[in-house]
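Place chains L, R and P on chain Y using the hints.
Take a look at the letters that make up each chain.
Number of protein chains: 4
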Amino acid sequence: MHPTTGKGRLLVSGKDGPGIVAVVSGILTGHGANIVSLDQHSTDHEGGRFFQRAVFHLDELAARRDALEVDLHRELGERFGLRWSLVDTATPKRVALFASKLDHCLLDLLWRHRRGELPMDIAHVVSNHTDLAWVSERFDVPFTHIPVEKGRKQEAEAAQLDLLKGTVDVVVLARYMQILSGDFLAAAGVPVINIHHSFLPAFVGAAPYRKAKERGVKLVGATAHFVTEDLDEGPIIEQDVVRVSHTDSTEDLVRRGADVERLVLARAVQAFCEDRIMRDGTTTVVF
Amino acid sequence: MHPTTGKGRLLVSGKDGPGIVAVVSGILTGHGANIVSLDQHSTDHEGGRFFQRAVFHLDELAARRDALEVDLHRELGERFGLRWSLVDTATPKRVALFASKLDHCLLDLLWRHRRGELPMDIAHVVSNHTDLAWVSERFDVPFTHIPVEKGRKQEAEAAQLDLLKGTVDVVVLARYMQILSGDFLAAAGVPVINIHHSFLPAFVGAAPYRKAKERGVKLVGATAHFVTEDLDEGPIIEQDVVRVSHTDSTEDLVRRGADVERLVLARAVQAFCEDRIMRDGTTTVVF
Amino acid sequence: MHPTTGKGRLLVSGKDGPGIVAVVSGILTGHGANIVSLDQHSTDHEGGRFFQRAVFHLDELAARRDALEVDLHRELGERFGLRWSLVDTATPKRVALFASKLDHCLLDLLWRHRRGELPMDIAHVVSNHTDLAWVSERFDVPFTHIPVEKGRKQEAEAAQLDLLKGTVDVVVLARYMQILSGDFLAAAGVPVINIHHSFLPAFVGAAPYRKAKERGVKLVGATAHFVTEDLDEGPIIEQDVVRVSHTDSTEDLVRRGADVERLVLARAVQAFCEDRIMRDGTTTVVF
Amino acid sequence: MHPTTGKGRLLVSGKDGPGIVAVVSGILTGHGANIVSLDQHSTDHEGGRFFQRAVFHLDELAARRDALEVDLHRELGERFGLRWSLVDTATPKRVALFASKLDHCLLDLLWRHRRGELPMDIAHVVSNHTDLAWVSERFDVPFTHIPVEKGRKQEAEAAQLDLLKGTVDVVVLARYMQILSGDFLAAAGVPVINIHHSFLPAFVGAAPYRKAKERGVKLVGATAHFVTEDLDEGPIIEQDVVRVSHTDSTEDLVRRGADVERLVLARAVQAFCEDRIMRDGTTTVVF
Chain Y
1 MHPTTGKGRL LVSGKDGPGI VAVVSGILTG HGANIVSLDQ HSTDHEGGRF FQRAVFHLDE
61 LAARRDALEV DLHRELGERF GLRWSLVDTA TPKRVALFAS KLDHCLLDLL WRHRRGELPM
121 DIAHVVSNHT DLAWVSERFD VPFTHIPVEK GRKQEAEAAQ LDLLKGTVDV VVLARYMQIL
181 SGDFLAAAGV PVINIHHSFL PAFVGAAPYR KAKERGVKLV GATAHFVTED LDEGPIIEQD
241 VVRVSHTDST EDLVRRGADV ERLVLARAVQ AFCEDRIMRD GTTTVVF
Chain L
1 MHPTTGKGRL LVSGKDGPGI VAVVSGILTG HGANIVSLDQ HSTDHEGGRF FQRAVFHLDE
61 LAARRDALEV DLHRELGERF GLRWSLVDTA TPKRVALFAS KLDHCLLDLL WRHRRGELPM
121 DIAHVVSNHT DLAWVSERFD VPFTHIPVEK GRKQEAEAAQ LDLLKGTVDV VVLARYMQIL
181 SGDFLAAAGV PVINIHHSFL PAFVGAAPYR KAKERGVKLV GATAHFVTED LDEGPIIEQD
241 VVRVSHTDST EDLVRRGADV ERLVLARAVQ AFCEDRIMRD GTTTVVF
Chain R
1 MHPTTGKGRL LVSGKDGPGI VAVVSGILTG HGANIVSLDQ HSTDHEGGRF FQRAVFHLDE
61 LAARRDALEV DLHRELGERF GLRWSLVDTA TPKRVALFAS KLDHCLLDLL WRHRRGELPM
121 DIAHVVSNHT DLAWVSERFD VPFTHIPVEK GRKQEAEAAQ LDLLKGTVDV VVLARYMQIL
181 SGDFLAAAGV PVINIHHSFL PAFVGAAPYR KAKERGVKLV GATAHFVTED LDEGPIIEQD
241 VVRVSHTDST EDLVRRGADV ERLVLARAVQ AFCEDRIMRD GTTTVVF
Chain P
1 MHPTTGKGRL LVSGKDGPGI VAVVSGILTG HGANIVSLDQ HSTDHEGGRF FQRAVFHLDE
61 LAARRDALEV DLHRELGERF GLRWSLVDTA TPKRVALFAS KLDHCLLDLL WRHRRGELPM
121 DIAHVVSNHT DLAWVSERFD VPFTHIPVEK GRKQEAEAAQ LDLLKGTVDV VVLARYMQIL
181 SGDFLAAAGV PVINIHHSFL PAFVGAAPYR KAKERGVKLV GATAHFVTED LDEGPIIEQD
241 VVRVSHTDST EDLVRRGADV ERLVLARAVQ AFCEDRIMRD GTTTVVF
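Sequences listed follow chains Y, L, R and P, in order.
First residue of the first sequence? That's 1 in the UniProt record's numbering, and the numbers climb one at a time after it.
First residue of the second sequence? That's 1 in the UniProt record's numbering, and the numbers climb one at a time after it.
First residue of the third sequence? That's 1 in the UniProt record's numbering, and the numbers climb one at a time after it.
First residue of the fourth sequence? That's 1 in the UniProt record's numbering, and the numbers climb one at a time after it.
Please note: incorrect hints may appear among the correct ones.
Identical chains blur together in the list; that is why a pair holds if it fits in one copy or across any two.
[Claimed, not checked] For lysine to aspartate or glutamate, the following EDC-like pairs were computed, each having C-alpha atoms within a straight-line distance of at most 20 Å:
no.: 1; residue 1: Lys165; residue 2: Glu155
no.: 2; residue 1: Lys150; residue 2: Asp131
no.: 3; residue 1: Lys101; residue 2: Glu117
no.: 4; residue 1: Lys211; residue 2: Asp44
no.: 5; residue 1: Lys7; residue 2: Glu46
no.: 6; residue 1: Lys211; residue 2: Asp232
no.: 7; residue 1: Lys211; residue 2: Asp280
no.: 8; residue 1: Lys93; residue 2: Asp121
no.: 9; residue 1: Lys7; residue 2: Asp252
no.: 10; residue 1: Lys150; residue 2: Glu137
no.: 11; residue 1: Lys211; residue 2: Glu233
no.: 12; residue 1: Lys211; residue 2: Asp240
no.: 13; residue 1: Lys101; residue 2: Glu157
no.: 14; residue 1: Lys7; residue 2: Asp39
no.: 15; residue 1: Lys7; residue 2: Glu117
no.: 16; residue 1: Lys15; residue 2: Glu214
no.: 17; residue 1: Lys7; residue 2: Glu251
no.: 18; residue 1: Lys7; residue 2: Asp248
no.: 19; residue 1: Lys7; residue 2: Asp44
no.: 20; residue 1: Lys7; residue 2: Glu157
Since the hints were derived computationally from the structure, they do not count as laboratory data.
These figures come from a predicted structure and were not determined experimentally.
So that you can see chain Y by itself, here it is in the shape it has in the complex:
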């Protein structure tokens, strides 16, 4: 289905030290790879943390992958104690999209996916409601309705985990209006990306547009972030804002905000699918 493109990405992170870039590029070149782009960030030139993303071309990447990994393991893992991962861009990320009743983020992601903006396979659309089944159907992606009844969230999460098991690389909450438990996050074993309908850390929690209206703010925003147990506190991936004024009602803010939400979430998902996001404690490096 996904023919080999001969294009790979190498991600490296860990404690900074002299010579890492030379070692990484030396290994890639030694195996015949041609580095197309390379981004590197050190938080501090002494004792900081090191982050690198390299994109390279290598004919017959699939066949040569094992040999390359042996060297990466020895040099990066054992010698420098770094984390690394090798990605064949022929293998798109497998994504589960969670939604509830609001359609703008889901519709936008499915539309972008179909037009080829987002290098991902949509494994599942999951919803606690049936309102958005038509959207999935229209875009030919499987829709699973898992209701979340009051007091029975644990059962719903069990059903979700059953579905996700081994089939996805990331869960994207496209305005999914349920809070996921810490147990779910631990068991899922993959990153979960959320779109919060405000400019975090302003207006955490519910009803941010109403709060923004009451506060008289002149801009409303949206924040895409990784989900952690501390609600609304996960590492921020992307943010943007839109200008509003006293003439906008709370409903107007909701509508204008929706434009920012879908744009910010789409940018975050694209960055994830292109392996541009690296977590750095409570924050992120986004190449």
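Same frame as chain Y, now just chains L, R and P:
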């Protein structure tokens, strides 16, 4: 000093009711004024609050002002119970600028003033330090050094009030790093505009750029607001943001933020000097 | 289908003169209307052009409309020689959407329409291809395929005019890739709004994203404008831009540009449907 | 004057080929340098052009520089046929600022320089007028008045070249209102950066704000670019825009535009001083 321009502004606010616009425009026209622009906002079409700003031309405005005010008082004040004020644009706002050591906001306001962007007279530059005396001198505006010694803020504020008494229409805090007491605000009797170096209500208080860095935000902002006793809670006048990334250090955020701060504060001061801002409880109407 | 809301808009334009605002608001108030918002713009306070948009509440507007129009005709039309129009907001604008193969603008408008952002009735979706029939079907709006064969545009335009005749208030070109003739524009008798995929007047004509890439621009934009016989020269309604860099290929620019195109076109259509746009020669007043 | 920081930048560009990154990083590491950040861009993975900027730490860089350059010359210059340059960040760029009567760009650059934003030495401020002498004086930078009399531009340019000879790395036109001849550009032998007061390629040439007003645009912009003989056609470095409306007069556009001009020029100068700009034919790579 300021010749009559024959241009005036009429500001009206209060409880909404039918016919107010017709009455206001009828009075102006009846006195020979030609309305150049008119902005009106009602918070709700039934029982809401009414805000209006009209700009008009009227030859010999100074001479005709008394007669006009008699009618405004009777029709708007007595009949409709509205607040109103009549402004001759020939009379610029009298402004006191408070600063400490950081020069960017002060320099920017003085520069804009000199090039004719801001219709104001700068009555005083007041500082608790002497670092910025040269800026005032360079732009030919009076500089007063009022130190604020630890534990003796009351005396400093008394000196400030003495200076301001009857000489200003607004106090602008151009990165003035002292908190003004409620007593000062009450005694000053004029609005006080502050620039907060963050996107309120995110990162209230001190060191917002450091907090923003730690939180991994992708935008940093600034907020101009009226000062109230509740620090960082006054009605918001203007806000803006600038994009940042993981490559920016806290110092970089401070520098980028300074560009937003001076722009946002300048816009707020301009709006004030042009009578575009009307307070509406905890928020503002900015025409 | 559209119950009377008792809410109307009055649009007035023409040669400026003293007393117009008072007369307009006097008539409205005299008929029992309560003005909710009023925007007015004069290009020059002496001998300029006058533009006004008033929104008002008036119970039983439909029943009282005739009487109101008699006064407006006499006072505004005959006395001041102004153009005016009275709109009952219960009557949404009737819109024809023209598209070709690209779906982003069409999909976005249909989606915004369904969620209640755009006060319009979609009378027709017209396309010279069948690719987008599914979109119309999905959103339950009538789709008409009118192919435009080489050398036979005149016949196609005749068929389009036949369809539009008396059924629409505006034609919106949602990335319709055919140039409409001057004859069509004259015969249509309604405004035609286009989205040009560049920041006009830069990059007029075809392939603007390729030209932008070659020119090394750091922002790409989109422009919504009224269509006139002079291609790409009609009055501009709305514009916006998005940041790009050397890492973006022409294809990336096309994708990023699509986000701006749909946003800018949606804003222009919304402004039109809310009667916020008034033409002023080669430019526009957008309240 | 500038103590050794032990921090260097290596810039490499030319025809792309396999292994360049590994060779570059290998040389740096071999000489004991620790790479802090590395940006690389290839225009095409086969037969494209290669651009790289590496920032590194190397104790006693000044002492080790010669040895490092020998290797760079052999490996990059001779083996790969690449252009390269090695920069010690302890040596700031030497800059000449050209201005005429408008102060906003000059003042902004001098102010940013003094607060430490711009790693440069200002060798000269040159003007064809004396209006801005005070600004230079205030910021303690040498001001040279070189009048440009009608028909005697050649003499003025000779005087300018005399002054610049061997003393600057770049000339920045901070709203300098004279067109520099091709002979000047050739003789100067250093890049010349200009700020054009419009969003190029829209509104080339004079009076762009008046043209923008007539055209009814909703955004006005500014463009920083390298100066070439084809006026307004040089490679674009940076651009930005600001929103305007029908209420803004041409004078208002000039004022709002000035805010964008000084910001865009400052960003371009900063990028130059940090060696982030690499020319790529008619365009630029800005890391």
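Here's how the hints hold up against the structure:
| no. | hint | in the structure |
| --- | --- | --- |
| 1 | Lys165 - Glu155 | within (15 Å within a copy, 58 Å between copies) |
| 2 | Lys150 - Asp131 | within (19 Å within a copy, 44 Å between copies) |
| 3 | Lys101 - Glu117 | between (24 Å within a copy, 17 Å between copies) |
| 4 | Lys211 - Asp44 | between (39 Å within a copy, 18 Å between copies) |
| 5 | Lys7 - Glu46 | between (33 Å within a copy, 13 Å between copies) |
| 6 | Lys211 - Asp232 | both (16 Å within a copy, 16 Å between copies) |
| 7 | Lys211 - Asp280 | between (31 Å within a copy, 16 Å between copies) |
| 8 | Lys93 - Asp121 | within (6 Å within a copy, 40 Å between copies) |
| 9 | Lys7 - Asp252 | between (45 Å within a copy, 18 Å between copies) |
| 10 | Lys150 - Glu137 | neither (28 Å within a copy, 36 Å between copies) |
| 11 | Lys211 - Glu233 | both (19 Å within a copy, 13 Å between copies) |
| 12 | Lys211 - Asp240 | both (18 Å within a copy, 18 Å between copies) |
| 13 | Lys101 - Glu157 | within (18 Å within a copy, 41 Å between copies) |
| 14 | Lys7 - Asp39 | both (16 Å within a copy, 19 Å between copies) |
| 15 | Lys7 - Glu117 | within (17 Å within a copy, 39 Å between copies) |
| 16 | Lys15 - Glu214 | between (46 Å within a copy, 19 Å between copies) |
| 17 | Lys7 - Glu251 | between (46 Å within a copy, 18 Å between copies) |
| 18 | Lys7 - Asp248 | between (48 Å within a copy, 18 Å between copies) |
| 19 | Lys7 - Asp44 | between (31 Å within a copy, 13 Å between copies) |
| 20 | Lys7 - Glu157 | neither (37 Å within a copy, 48 Å between copies) |
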